[in-house]
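> In the order they appear, the protein sequences are chains A and X. What the first sequence shows, in our numbering, is residues 5 to 182, in sequence order. What the second sequence shows, in our numbering, is residues 5 to 182, in sequence order.
Since the hints were made in silico from the structure, they are not lab data.
Identical copies carry no separate label here, and so any pair may be met within one copy or between two of them.
Subject to a maximum C-alpha distance of 27 Å in a straight line, what follows is the list of computed DSSO-like cross-link-like pairs (lysine-lysine): (1) 7 to 147; (2) 182 to 137; (3) 84 to 182; (4) 176 to 155; (5) 7 to 128; (6) 154 to 7; (7) 180 to 102.
Fair warning: this is a prediction, and the values are worked out from it, not measured in the lab.
There are 2 protein chains.
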Amino acid sequence: MNKKPLPLSQVYRLLEPGPVVLVTSAREETPNVMTMSWHMMVDFEPPIVACVLSNGDFTYDILKETRECVINIPTVELAKQVVACGNTSGRTLDKFRKFGLTPLAASQVAAPLISECYASLECKVIDTSMVDKYGLFILEVVKAWIDRSKKNPRTIHHCGRGVFMVAGRSIKLPSKMK
Amino acid sequence: MNKKPLPLSQVYRLLEPGPVVLVTSAREETPNVMTMSWHMMVDFEPPIVACVLSNGDFTYDILKETRECVINIPTVELAKQVVACGNTSGRTLDKFRKFGLTPLAASQVAAPLISECYASLECKVIDTSMVDKYGLFILEVVKAWIDRSKKNPRTIHHCGRGVFMVAGRSIKLPSKMK
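Full structure from sequences and hints, please.
Following this line, the structure appears as structure tokens:
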């Protein structure tokens with residue numbers, strides 16, 4: 005495993021660009037994984053994240069019960085697995101085994117990291133007051149991991165219906181923005 | 005003006021990839037514009053969007069009072085203006101005039117569209133119950149506009165500290181995902 009701890013103050017730099025993520029959760033023995041694009045930062049440090057799940061998602065039920073998950077960030081090399089995880093349900097399938105993903109033990113939560121993803125954020129649910137109305141969970145990232153050996157990770161960004169924008173070049177402008 | 009109406013069912017395809025947006029608002033005569041990256045889709049149709057603003061932002065006050073805004077999506081050609089809007093406050097500056105942005109009348113809200121942006125989403129605030137705690141506003145997109153003459157619009161995605169990822173190539177995979 006090449007993942008090293010990432011300071012929590014840097015987490016927003018991974019999620020703010022809006023990549024598709026793979027959310028892992030665990031209840032009983034078999035971990036689950038789902039594809040998610042509806043997430044945003046809410047605060048810098050500790051990093052607070054909001055996300056929206058459908059109440060039909062298996063992960064929705066697990067998250068309400070266990071109040072833990074891991075947000076894993078895949079790169080374009082995993083695009084097929086990302087779509088496969090988005091098109092199937094963990095209620096009837098062990099997606100880790102089926103799609104060749106490798107679970108790694110997390111440090112603060114029962115849900116696993118995904119070895120193939122270049123970054124993983126261990127999260128605890130801290131507010132469920134908007135879950136019934138909007139499916140909106142508020143999470144706190146309690147531990148963050150990054151694989152710095154993956155140079156220039158190309159995240160993917162869902163534009164709907166299986167179309168993804170692949171992260172392109174970077175530009176840097178003088179800025180006071182955090 | 006080249007902007008044409010976009011069906012509301014298609015709005016999620018613009019925001020789901022996570023671009024930086026320019027939020028316009030209006031109180032009294034002078035419209036304001038701020039740079040925002042903390043937003044996500046909450047529902048498809050009608051399109052519901054969540055966003056997080058700092059209570060120090062001028063737009064935060066205007067949004068609480070007027071309950072209306074426009075989310076405008078810029079492309080890389082506007083990167084300098086995006087950063088400039090993020091580094092200044094509308095309390096003391098007319099950013100439209102200062103940064104050469106052109107306001108256009110919206111159809112459903114008092115806040116203006118930005119002519120230079122390839123898409124604009126007129127929004128009404130529908131839920132402020134998480135504003136005091138998280139700065140989290142729930143918006144409904146009531147009218148959407150897109151300039152289809154801008155082929156291959158290259159959105160920009162903030163990675164923190166003035167670093168932006170520019171939208172790269174597109175890939176399409178067979179998918180049942182919406």
